[in-house]
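Chemist: Using the hints, position chain D against chain R.
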Amino acid sequence: MNKRIILAMGTLLLVAGFAFAGGGNQTTPAAPPAAAPAVLNWNLAADPLTLDPGLNGASDGGDIISNTFEGLVRERSGEIFPGMAERWETSADGMTVTFYLRPTNKWSDGSPLTAKDFVYGWKRAIDPATASEYGWIWHYTNVVNAEAANAGEVSLDQVGIRAVDDYTFEVKLSAPTDYFVSLTAFYHFMPVKQSSVEAKADGAWAKDPALAVSNGPFKLTTYTIGGGLTLEKNVNYWNAAEAGLDIINVKFIDNAATAYTAYQTGELDFLNDVPPAEIPKLIAENPEFYIFPLLGTYYYNFNMDLPMFEDVRVRRALTLGIDRDRIVEVMASGQVAAAGFVPPGMPDHLGRDFFETAGNYGIPTDSSGVEEAKRLLAEAGYPNGQGFPEFVLMYNTSQGHQLVAELVQEMWKTNLGINTTLENQEWAVFQDTRKAGNYDVSRGGWLTDFLDPMGLLAIFVDGNAYNDPNYNNPEYNSALRRASTTFGASHFEALYEAQDILMTDLPIVPVYHYTDVMLSSPKVKGWDRSQLGGLDFSRASIQN
Amino acid sequence: MGRYFLKRFVYSLFTILLISSVTFLMMHSIPGGPFTRERAVPDEILKVLNAKYNLDDPLIVQFLNYMGGVLTFDLGPSFSKVGTSVNDLITSGFPSTATVGAWAVLSIILVGIPLGVISALKQGSSIDYSVMLLATFGVTVPSFVIATLIIYFFAGQLGWIPPFGLSTPQSYIGPVVALSGYSLSFVSRLTRSSMLEVLRQDYIRTARANGLSEFSVIMKHAVKNALIPVVTYLGPTIAAIMTGSFVVERIFAIPGIGRYFVESVSNRDYTTIMGVTILYAAFYVMMVLLVDIIYALVDPRIRFEKESKN
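Taken in sequence, the protein lines are chains R and D. Per the numbering used here: the first sequence = residues 885 to 1428. Per the numbering used here: the second sequence = residues 400 to 709.
Worth flagging that the hints you see were computed from the coordinates, not collected in a lab. Cβ atoms here follow ideal geometry from the backbone N, Cα and C, with glycine treated the same way. There may be inaccurate statements among the hints.
In silico negatives: residues of chain D with every beta carbon more than 12 Å from chain R [unchecked claim]:
| # | residue |
| --- | --- |
| 1 | Val409 |
| 2 | Leu448 |
| 3 | Lys521 |
| 4 | Gly523 |
| 5 | Glu613 |
| 6 | Asp691 |
| 7 | Tyr694 |
| 8 | Leu696 |
| 9 | Val697 |
Partner residues are not named here, just some residues of chain R that face chain D (Cβ under 8 Å, in silico) [as the list claims (entries may be wrong)]:
| # | residue |
| --- | --- |
| 10 | Leu939 |
| 11 | Gly941 |
| 12 | Tyr1004 |
| 13 | Ala1088 |
| 14 | Lys1091 |
| 15 | Ile1109 |
| 16 | Asp1189 |
| 17 | Pro1191 |
| 18 | Phe1193 |
| 19 | Ala1349 |
So that you can see chain R by itself, here it is in the shape it has in the complex (with noise of 0.2 Å):
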């Protein structure tokens, strides 16, 4: 069943793989005069937060931002495509990265654009007075001192980052770093206009058609609180010749069945979200339904501080107890069921996919797994689950996690002779009781923002602020140190240990990899999307 899904997701990427080849090549040929302008209507399905890059720490308004901004280089269903930079290179210790960018570079407002504008942005972004939610992410860019700069413990002056000239922009690194370039496609390394910036402060500036100068292949022109955006091909942009649409009109509709409506009578044309209870009935009927696997993992936390969870026999009994394939049938969105903790779509130093070569730790997805189960429970002392205390599963209050702890519920019940009750909190107050320890089984989601599986594997690192279940094995937090530090084989190698380490010992039952899901109308072709989630239409148009 795994396999097949596997095989109906891969022939769906495949397929919308040949629609952005096909919207690719064939790029649309000279507008005829006085023709209508290309309009793309698109439901964003929420308002963003911000569309300020420096700001933003949220998937929608990197949807934006993707359009409106562009990084030193694109990336493009995980390839790297040049941005501002025309060309990079690497030095041969791996400890500087030197981008050489377009002179023809500008701004939205016809202003030339600059390595400066880059060095002010970055240094924006890792300030601590911005109060940038991403500032974390400067742990794992590597980039000199930035870390500490974002901590406040050194100066934005010591940070490794300059530029050479106007159109060199260097960056050295404390160690070297295999992901790099790809990360500085990600929103958070745009380049952004200190005048527009200081001209409103905490962001405003972004949502202010008059004040949002932006570098990437659309400039905003209309914003309406709630109701939606308007994005206006930048005629500036160094690639506006291949940008096939005039116009986008972004709509903020947070109910996927009223979106979808309004997609059926043609007045959407792309859609974030769908009706969950259409998405059987899509996959099997819509072509231009798309699955995409999303950098994360669903998993449940086991609280290590709890005697009753102290004998990894039961912790593994408890992970093969539950049938992961049929999960995620029920859930039947397209979802992977979880052999491990990286997902699919991370490449290993040979090219190879993480998840593929990794395994699955002889940790079935299906039922297979149970009769070792019910050993390994009796061998613990609790033969059929007697005497196994009853315990706690708790999640934070939805629909999608309660279907999803039910089937678990049952399955402990049946396969392993476990009681467990439901309990659910508010999404806020479970984080606070989460982070607190204080539950038996907790729901855990965690979803990676560079194609690196350390940033997944990371989180459950002694002392990690995320590390819910408070696993600590000297072993696991050495290979992450080492992977932390090296590049190529060896920060993989690292990787597979600390990965093999991890499901050796379980302290998280890995239930599912999560997948993100995308409609669009037949007429929108050469679409793209960043493997990091960002959509991506600067090379996109209409054709009737």
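Modeler: Chain D only, in chain R's frame:
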């Protein structure tokens, strides 16, 4: 009457103050804060954010600062829309909410009351039964079901109305029907039962015995008196409808303020919670005051002086 009005006005201000204080206290006592995220914000950043929005001050200082702002009509910055003030949220969303709300209120009054009067006068007839059947339907079926059905049939299947927004006059039909459905049905049932009761009163018989025309008996004596409970119900209802509905605005994707009543709480967007609460409270006490004034106009037996003696 002037003195009574002044006294009531001062009471209303106290009511709003009380509501604000209780809301302020309650929202600060629930776990989580405006910067609670799936990926928790690191402590250093959280400290900077809290200092920036003065969330590190003692509660009482925060409350006094906030109420000081309210007096100058400054509702503070929204936490969930960085760089946007709560004043902006309300001024940009209120016109849509209030327009839909005003049409809903109008249809409640202009459709609900006449339906109730007619079915009372035709008690037991097929008109009465069909009006009451419809009214029962309206009271029992929740607005989200009505809204979803309207979108599915009239927007999706028939294409008569746009599925979202307020772009054309037709686009108001869905939200107005969904928003007024419950209250309209309730008002027609209330009017009907109140009318039936009034029609049995002695003074109606007296009026008829005095030879007044049936029209004048109904309009001048019966309806006017039957409306007292309706007016009582309508006051607070108008306040609720004019400040929008989370469900209706969400389903029809109307950029109004109704959504903030719910969203601000789950976002722990403190200033927005306070802003919309104060707006609703002010509307509410104003309507209650208005209802009291209308009482006196409708029913001569109620006089202000009588109450103000207590």
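Chemist: Quick check: which numbered hints come out false for this structure?
Modeler: Violated hints: 2, 12, 16, 17, 18; rest satisfied.
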